[in-house]
Amino acid sequence: MGAVTLTGVRKLFGTMEVIKGIDLAIADRELVVFVGPSGCGKSTLLRMIAGLEDVDYGAIEIAGRDVTELAPALRGVAMVFQNYALYPHMTAYDNMAYGLRRAGLAGAEVDKRVRATAAMLQITELLPRRPKAMSGGQRQRVAIGRAIVRNPEVFMFDEPLSNLDAALRVEMRSQIARLHRELQATMIFVTHDQVEAMTLADRIVVLNGGRIEQVGTPREVYHRPANIFVAGFIGSPAMNLLPANLHRGAALELGWGTRVTWTAAVPALPDNAPVTLGVRPERVSLCDAARAQASGEVTLAEHLGDETILHLKVSDGVSLTVKAGGDVAALVGDRLHVAFDLAGACLFGPDGRRIAPD
Amino acid sequence: MTAVPAIERRRPAPGKLWQSLLYHAVMLTFAAIFLLPFYWMTISALKFNAEIFANPVSWWPDPVRWENLAQLFMRDDFPFLRQFMNSVFYAGSVAIAVVLSCSLAAYAFGCLRWRGRNLVFALTICALLMPTIVTFLPVYLAWSRLGLVGSYWPLIFPFLLGDAFFIFMLRQFFLGVPRELMDAARLDGASEFRIWWQIVLPQVRTALVIVGLFAIVYTWNEFFGPLIYLQNREDMPLSLGLFTFQSQRATEWSISMAGSFFTAMPMVLLFLLTQRLFQQGLTTSGLK
Numbered sequence: 001m002g003a004v005t006l007t008g009v010r011k012l013f014g015t016m017e018v019i020k021g022i023d024l025a026i027a028d029r030e031l032v033v034f035v036g037p038s039g040c041g042k043s044t045l046l047r048m049i050a051g052l053e054d055v056d057y058g059a060i061e062i063a064g065r066d067v068t069e070l071a072p073a074l075r076g077v078a079m080v081f082q083n084y085a086l087y088p089h090m091t092a093y094d095n096m097a098y099g100l101r102r103a104g105l106a107g108a109e110v111d112k113r114v115r116a117t118a119a120m121l122q123i124t125e126l127l128p129r130r131p132k133a134m135s136g137g138q139r140q141r142v143a144i145g146r147a148i149v150r151n152p153e154v155f156m157f158d159e160p161l162s163n164l165d166a167a168l169r170v171e172m173r174s175q176i177a178r179l180h181r182e183l184q185a186t187m188i189f190v191t192h193d194q195v196e197a198m199t200l201a202d203r204i205v206v207l208n209g210g211r212i213e214q215v216g217t218p219r220e221v222y223h224r225p226a227n228i229f230v231a232g233f234i235g236s237p238a239m240n241l242l243p244a245n246l247h248r249g250a251a252l253e254l255g256w257g258t259r260v261t262w263t264a265a266v267p268a269l270p271d272n273a274p275v276t277l278g279v280r281p282e283r284v285s286l287c288d289a290a291r292a293q294a295s296g297e298v299t300l301a302e303h304l305g306d307e308t309i310l311h312l313k314v315s316d317g318v319s320l321t322v323k324a325g326g327d328v329a330a331l332v333g334d335r336l337h338v339a340f341d342l343a344g345a346c347l348f349g350p351d352g353r354r355i356a357p358d
Numbered sequence: 001m002t003a004v005p006a007i008e009r010r011r012p013a014p015g016k017l018w019q020s021l022l023y024h025a026v027m028l029t030f031a032a033i034f035l036l037p038f039y040w041m042t043i044s045a046l047k048f049n050a051e052i053f054a055n056p057v058s059w060w061p062d063p064v065r066w067e068n069l070a071q072l073f074m075r076d077d078f079p080f081l082r083q084f085m086n087s088v089f090y091a092g093s094v095a096i097a098v099v100l101s102c103s104l105a106a107y108a109f110g111c112l113r114w115r116g117r118n119l120v121f122a123l124t125i126c127a128l129l130m131p132t133i134v135t136f137l138p139v140y141l142a143w144s145r146l147g148l149v150g151s152y153w154p155l156i157f158p159f160l161l162g163d164a165f166f167i168f169m170l171r172q173f174f175l176g177v178p179r180e181l182m183d184a185a186r187l188d189g190a191s192e193f194r195i196w197w198q199i200v201l202p203q204v205r206t207a208l209v210i211v212g213l214f215a216i217v218y219t220w221n222e223f224f225g226p227l228i229y230l231q232n233r234e235d236m237p238l239s240l241g242l243f244t245f246q247s248q249r250a251t252e253w254s255i256s257m258a259g260s261f262f263t264a265m266p267m268v269l270l271f272l273l274t275q276r277l278f279q280q281g282l283t284t285s286g287l288k
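As you go down the protein sequences, you meet chains A and B in turn.
The first sequence begins at 1 in my numbering and counts up one residue at a time.
The second sequence begins at 1 in my numbering and counts up one residue at a time.
Excised from the complex, chain B in its bound form:
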């Protein structure tokens, strides 16, 4: 055996090391800038109101007021838990509605061949260019005539008719499903509805989860729709309930911050648990 010559392992060039250090320093600075409001919200939730505005700034609550959190769940003028459940219901319903309706439409656009398909798809995409505010008034009047203002129908039902963005997004995934799978199912005697449900949807499970997640995040933060259609405090989702509480109790910052903390936290956790899917969704839809 010949001895392996003793050579020193290659080290990264000094220039590259500095480049890497600079890169990380810049990224950490930006991360700190973005995290600072979250940190401030969190510590403010555990302070006295007066301590929040103390000068010099106090970076840690002293004492830590856990009772602020207990108060949040017990106040009569801020039914936080009820509104939290409203948000869960609202976001969950919209997510289910979007996944079902948009996947049906995406199946028609991506997997079926029919005359005028591309034209109808182009018109659907054009709906993306239409600002919601343009159609707001006639839509509101329609719901008002139906006597459903003040309920969740106007907020959830439109999503049962599909959403242009999610249809576009799902169609991209559906185009990747091999046509032969659907042909095989047709030969096996499956109806188009059954093919969609039993053959195609299982192939795009990831896409459905992504669309559901996007819908949940969008709905959780939605403010304008609930503001217009909901009046009762007990019916409001958190996005609107928190705003209403802040408007009425402008000085109770610690309770507001505790509410904000519990409003933001589900979405933060959702993102942390599913960030790979979020990234996949963003790259597929071409959004940034």
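Chain A with its partners taken away, still in its complex shape:
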């Protein structure tokens, strides 16, 4: 079926290497999300799998076939683009039928498949319309229909929700999740939106600078980030990354002098080794001065209704983000005290990799 395997895949634009040796196995029927900052190579990697970019080194297999040198149309993939990429001069029907006609299907079969797909996506009434006579959400549904109608082994989505407004994005997100359940197909989804990644993915692939930083389930990459980059990238607001020194594997001296007890096992490190403590903002709580492990001045207070995001300046160069309840009325300039819940915290070694928990 639609398993995708990438082996040592590299891509160069001129002398610049943009994909630096990717090894990845995507299981059949899995929904994998590529996330990463702008320019990390996630869209390029997707386009390489689709055959829209050449592979300079390595190999790509889809459903057990080596497709590295195959034309896009022969790979059994379909793609939904960020700007929909519907042919403006064709109706929705013709947009959906175009690929089937190119594949040489008979007119009756084309008609049957287009109408069946349109019915599934509830876009039958859009079939006679051209893209300019549709809203953004309708265009996106037609674009998804164009992908589905070809019955591909692998669906690819290149930031398909970026151009939609917030409400429509939520609706389309749930529709894509539903389609994944119904179609039981392999899907690769590219996004820079972490909410999309966390809600849709079976597994998330975090990319940075053309390399994979981590592959894991949404829970894994959130709670057990492989390194400082993933810890800082996944989660909004981002994980607090605090400089510290580890004493005899049991005590952490934080950058501003506070000592906290570290109970989780850590690999052997020299005494007083420089490490980084990673604490999610929801694991930092406001407290009174007596229990405080850090104190700081509020530099920004974001009152979001059900919660309040507070940014504190703890010491020079060290700031903290705190996710507090919606009833917290702190203002910029207030001095607050906080304590850490280290149960879900991570410790990163001098090379930036997570050393605890295992």
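For the record, the hints were derived by calculation from the structure and aren't laboratory data.
Just to be clear, a hint being listed does not mean it is correct.
[Claimed, not checked] A partial selection of chain B residues facing chain A, derived with a Cβ cut-off under 10 Å:
hint : residue
1    : 178
2    : 181
3    : 182
4    : 183
5    : 190
6    : 194
7    : 198
8    : 202
9    : 203
Every residue gets a Cβ at the ideal spot worked out from N, C-alpha and C, and that includes glycine.
Fit chain B to the given chain A structure using the hints.
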């Protein structure tokens, strides 16, 4: 409800009014200067030969000689209608050839990625700097060896190989076509030729019309090429036919003017009907 205070509507400042009047006066004067030769051509076509040079100048034909126009279409020594059709064929063929060949080249330069693309495009643009006269002799000899001098092949065929100016112009439009449309078509199994024909060309229809119009105007007025390659009066386009008639019948000014009128009029009408596209073409190509 509170009453709206009665205030006088703002009037343009007197300085601005005078500025506007002066502007329009200058523009109208220039328009009259440019239109005067057309007016003179038109009334001369309807005068006796002697009346054209009468002193004082006669600004309206008296009597109006409509028969001059009838004569134009019936003379044996000036096959006007045949030459008009030759011009239509010549301009139409060049327009089609230019649109097809240049859009193919522009697709390659604007929509495909290939090694050396920018270098080849730069060389193509360099062709713009090469005066036609420099390559004229070897090209003429080649056509002569092929035995095609005296036909329209030397005048039309080169445009099937593209034209640097039109390639440059179309490439600018092609660069505006979203790359994702072509990617989607590739995923749909379309060949590059089909993508060019079925997906990209419909997006740049306006540009194709503009290029076609430019090619028609250029070819309609083209004189040097037909002068070199065509000898028979029946084969000549109007630009050359009119010149030949004037050279041979220098005194028949009213017939010449009638011919000039019917030669210029299709281009004037074409421009009036499509001036928005012409302006768009000029701004895109950076020409003035």
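Go through the numbered hints given earlier and state which of them the structure violates, listing their numbers in rising order.
none
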